[in-house]
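S.K.: Sequence:
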Amino acid sequence: MDCIVGADHKSVVLTFTEELTNFTIAEKLKEQTAEEVVKTIRSIFKNRLFKKCIKGIITDQGKEFSKWKEIEKITNANVYFCDPGTPTQKPKVERMNRDIRHWLPPGTDFNLVDTKKLNWIMKTINEKLRPSLNWISSKKAFNFLALVTK
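With UniProt numbering, the residue at position 77 of the sequence shown is 77, and numbering never jumps.
No lab work stands behind these hints: they were computed from the structure.
Check each hint, because a few of them may be wrong.
Claimed, not checked - Below, computed lysine-lysine pairings styled on BS3-like, alpha-carbon distance capped at 25 Å:
hint, residue 1, residue 2
1, Lys10, Lys28
2, Lys69, Lys46
3, Lys140, Lys92
4, Lys128, Lys139
5, Lys46, Lys63
6, Lys140, Lys30
7, Lys139, Lys150
8, Lys128, Lys63
9, Lys55, Lys128
What the hints assert, rightly or not - Okay, the calculated beta carbon distance ranges per label pair:
hint, residue 1, residue 2, range
10, Leu129, Phe81, 27 to 35 Å
11, Ala77, Asn143, 29 to 37 Å
12, Ala7, Thr33, 17 to 25 Å
13, Gly85, Ser43, 13 to 21 Å
By construction, the Cβ of each residue, glycine as well, lies at the ideal position given by its N, Cα and C atoms.
Given only the sequences and the hints, what does the whole structure look like? Please build it.
M.R.: The following block contains the structure:
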C-alpha cells in the first residue's frame, strides 16, 4: 500500500497491490490523511474477494498509514512497515506505482483526473500480460487466487 502524490502535494492517489498477483487498485484521496486512508480501505474491502485474498499489507511509515490497527481490523490482515527510507522493501508496490506513473507522470494534478480515466488506467495495467505470472494478467491471476483461497 502506498500513496502517489500529485502536483504541488495537493492531490494524492492511494495504491493497494496484492503481492502474489500484482493486482492493483488505485483510488483518489481527498487528502493525504490517516482518516482518508481508513475510509478508502473500508470502501475497497467491501469487495469480499479482496478481503478473502489479502493476508498481509506492506507499506511505508508515512503519517497517512498511522491508523494501521484500524486498517488491520477492516482487512483482517497484518500491516507491516518498511524500514525508513527503504521503498525497496516493497518492490511490487513500487513497480505498480511506476506503471501508474507511465499514465500519470510526476506533476500531474490528480484532482483533474476523473474516476473513469483512473479506472481505465488500472484496467489496462491489471490486464497486461506479465512474464512473472507465466504470461497471464494480474486480473486473471487474482481471479484464480480468489477461487483457490479459503
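S.K.: Which of the numbered hints above does this structure break?
M.R.: 6, 8, 11 and 13
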